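All chains should be built: construct the whole structure from the sequences, respecting the hints.
Top line first, the protein sequences correspond to chains A and B. Heads up: the first sequence at position 38 corresponds to 659 in our numbering, and the numbers run straight through without jumps. Heads up: the second sequence at position 194 corresponds to 196 in our numbering, and the numbers run straight through without jumps.
Worth double-checking, as some hints may not be accurate.
Unchecked claim - Here are some, though not all, of the chain A residues that point toward chain B, as calculated from beta-carbon distances under 8 Å:
id: 1; residue: Y671
id: 2; residue: L673
id: 3; residue: D674
id: 4; residue: I726
id: 5; residue: Q728
id: 6; residue: G731
id: 7; residue: M733
id: 8; residue: Q773
To be verified - Which chain A residues stay away from chain B? Per the calculated CB distances, all over 12 Å, these:
id: 9; residue: R626
id: 10; residue: R736
id: 11; residue: R758
id: 12; residue: E778
Simulated from the structure, these hints should not be mistaken for laboratory data. Keep in mind it's a predicted model, so treat the numbers as computed, not measured. C-beta: ideal position from N, C-alpha, C; glycine also.
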Amino acid sequence: MKYNRINVLGLGNILFGDEGFGVEAIRAFEKEKEYPEMVQFVDGGTQGLYLLDYIESSDAVMVFDALIPLDFESRVYVYHKDELPAFIHRKMSSHQMGLSELLGIAQLHGRMPERFVLIGIPPRSLDLGSGLSGEARELLDEAVGEGKAILQGWLGE
Amino acid sequence: MAKKIVVDPIPRIEGHLRIEAKVNDNNIIEEAYSSGTMWRGIEVILRGRDPRDAWAFAERICGVCTTVHALASVRCVEDALGIEVPTNARIIRNLMNATQQTQDHLVHFYHLHALDWVDVVSALKADPKMTSDIAQSISSWPKSSVGYFKDLQQRLIGFVESGQLGIFSNGYWGHPAYKLPPEVNLIGVAHYLEALDFQKEIVKIHTIFGGKNPHPNYLVGGMACAIDPNSDTAINIERLAMVKKIIDQTQQFIDQVYIPDLIAIAGFYKEWLYGGGLGNYLSYGDFPETSLDDFKTLLWPRGAILGKDLTTVHDVDPRDAAHVTEEVSHSWYTYSKGDDKGLHPWEGETKPAYSGPKPPFEHLDTDKKYSWLKTPRWKNHPMEVGPLARVLIAYAKGDPMIKDTVGLVLSRLQVGPEALFSTLGRTAARGIECKQTAGFMRHFYDQLVDNIKKGDYRTFNSDRWDPSTWPADCKGFGYSEAPRGSLGHWIHIQEQKIKEYQIVVPSTWNASPRDAKGNSGAYEAALKGTPMANPEQPLEIIRTVHSFDPCLACASHVFDMNGQEVTSVRIV
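Listed below in structure tokens is the structure:
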């Protein structure tokens with residue numbers, strides 16, 4: 622196998638409805654099957670900077686997160702490495718290191734993983750404590766399915 | 003090649019802090035209002051729980067200043083129950099706290115604040131040879147060759163050309179308030195990246211003593227780590243050697259990178275002496291050499307300064323109801339005896355009562371209640387807390403180490419101590435303090451090794467672990483100097499459960515709204531009088547608010563005196 626380390630990260634806050642989509646997705650992903658040892662599932666929660674090492678230290682990274690695409694349709698979005706904008710936003714607080722900053726920094730460090738993919742859905746509800754919305758729950762299996770297919774591909778390379 | 007797809011991940015947390023500023027015709031800020039737009043509520047969650055568990059909840063208030071709430075929490079419970087922790091536990095807590103402060107200051111300077119002074123786009127124009135010459139003239143840090151800066155600049159250029167830094171149009175690059183030459187900007191960018199790598203080493207100390215980071219483990223009565231030089235599973239010689247190595251690297255990075263950068267950058271902004279604000283400073287003190295009650299032994303001294311008068315340091319007693327109070331005349335809470343009556347935290351109440359406009363709204367009615375933050379006051383004075391407060395109080399008290407470091411920085415910049423009362427002074431104080439706390443790391447490491455050599459392996463005092471040994475009714479106060487300033491936890495324990503818990507965090511002191519008498523909080527006062535080059539790009543506001551290291555996300559709104567919105571900037 623080509624990759625020594627594959628990280629599957631779920632990002633988000635499970636207390637705010639669909640904001641927790643990423644975390645719910647990796648829970649569903651890892652529940653069903655045993656994966657080879659080099660595949661790690663990481664509940665990244667709302668951590669920012671601390672996640673940099675999980676991106677820079679692996680050969681292939683898959684991230685699940687709630688996201689806001691331009692067209693905002695209710696569907697699963699899959700973005701590969703070259704389709705992602707990497708930002709360094711102006712920050713008020715170190716709470717706020719988001720995924721785009723981490724990718725920007727990994728690039729400037731020259732340590733982007735060889736493969737990177739972001740899988741997500743636009744959130745419908747961000748209410749406190751409500752769990753995933755019906756729409757998000759319906760898209761969860763599809764998103765996880767996309768992830769499994771990509772992971773299978775990586776493991777086969 | 004320009005990228006067409008935009009993905010905007012949901013910001014992890016947003017909109018906790020909102021600044022509304024009114025500017026006059028000359029673009030000078032006449033009034034500023036600071037509003038916390040989200041409620042914390044952890045005090046309510048803690049009611050009725052076992053006080054020995056409180057630290058684990060309180061620590062989750064923040065994932066950045068992790069550790070500080072756990073420390074203040076175990077200290078307040080131990081104070082209430084009359085528990086003295088073993089010497090090793092005191093030292094390990096001090097070492098972890100010094101580690102936290104050092105790491106936090108580094109991250110703040112390079113990753114949150116530097117881009118308010120360093121223009122990334124300008125670095126593209128730097129001459130690598132000149133950059134290398136400047137870097138070598140200010141420091142012996144080895145990563146300073148022409149090739150090193152050339153490589154970095156190439157990566158940066160590639161990055162910008164790929165179109166991925168569309169963000170640079172989002173930032174204020176090229177703003178007239180940026181004053182650094184391209185070469186110094188390139189050094190700033192290089193060290194931004196190096197500091198990111200480095201800061202993750204420092205916090206390994208938390209994982210060694212606290213099991214993990216963020217949110218390391220604490221314990222009422224001591225620390226939850228065993229010491230045994232001959233065991234593989236305890237704090238042993240190998241782990242202590244790792245701690246020592248990290249401390250060596252930390253001191254080197256601060257002395258050879260942080261302090262020289264601070265002086266080099268500040269040297270170009272010496273005329274930008276805005277943002278001083280209140281001139282009142284408060285510190286509870288921290289880093290006890292003996293018991294916490296013996297506050298004369300605190301390495302960061304306790305005290306208060308009023309009206310920039312460094313000749314008098316006032317005594318501070320956070321247990322005294324006349325000293326520390328919180329009122330809610332401009333906050334979305336109600337008090338049973340009147341919102342304008344300051345309550346000491348032991349008598350504190352947490353009854354939320356939102357009366358602001360229904361979101362989305364254009365602006366807040368700042369004559370009424372306008373914040374989720376309460377209004378803490380010391381003897382009715384609004385106070386600034388944080389590195390500048392601690393450094394000034396230690397300086398005014400004649401602490402020899404601080405006098406040396408402050409003297410060094412001021413003399414290199416060729417400015418007097420009055421320059422400290424400014425935004426830049428706050429930023430400089432954080433660097434001065436970082437050098438000091440890195441020294442504390444070494445000091446406490448040496449203390450720990452000495453104590454272990456004496457054969458003392460004890461980290462936990464179990465005498466009062468069993469609730470049947472507790473008094474039926476007791477109160478406690480726990481404090482800590484967090485990176486952002488004075489932190490206090492006040493607890494009331496009744497029949498072995500938490501009856502009431504109150505937390506006054508540093509950012510509440512600094513970001514507080516006006517009090518009943520109309521006195522501004524620290525952010526509000528600091529922004530007043532600042533000229534803005536372009537109100538549509540409020541770099542000056544961001545610079546000053548950043549200099550306090552706010553533990554809040556922020557939105558900034560600039561209005562003209564007629565209440566018309568000039569700009570609305572969401573800083574996410």
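A quick look at each hint next to the structure:
1. Y671: holds (7 Å)
2. L673: holds (7 Å)
3. D674: At 6 Å from the nearest chain B Cβ, A/D674 passes the 8 Å test, so the hint holds.
4. I726: holds (6 Å)
5. Q728: For A/Q728, the interface hint holds, since the closest Cβ of chain B sits about 6 Å away, which is under 8 Å.
6. G731: With Cβ-Cβ at 6 Å, under 8 Å, it holds.
7. M733: violated (11 Å)
8. Q773: Cβ of A/Q773 sits 24 Å from chain B, so the hint is violated.
9. R626: holds (17 Å)
10. R736: holds (17 Å)
11. R758: holds (17 Å)
12. E778: With a cut-off of 12 Å, A/E778 remains clear of chain B, as the shortest Cβ separation is near 25 Å.
Going through the hint list in order, the structure does not satisfy hints 7, 8.
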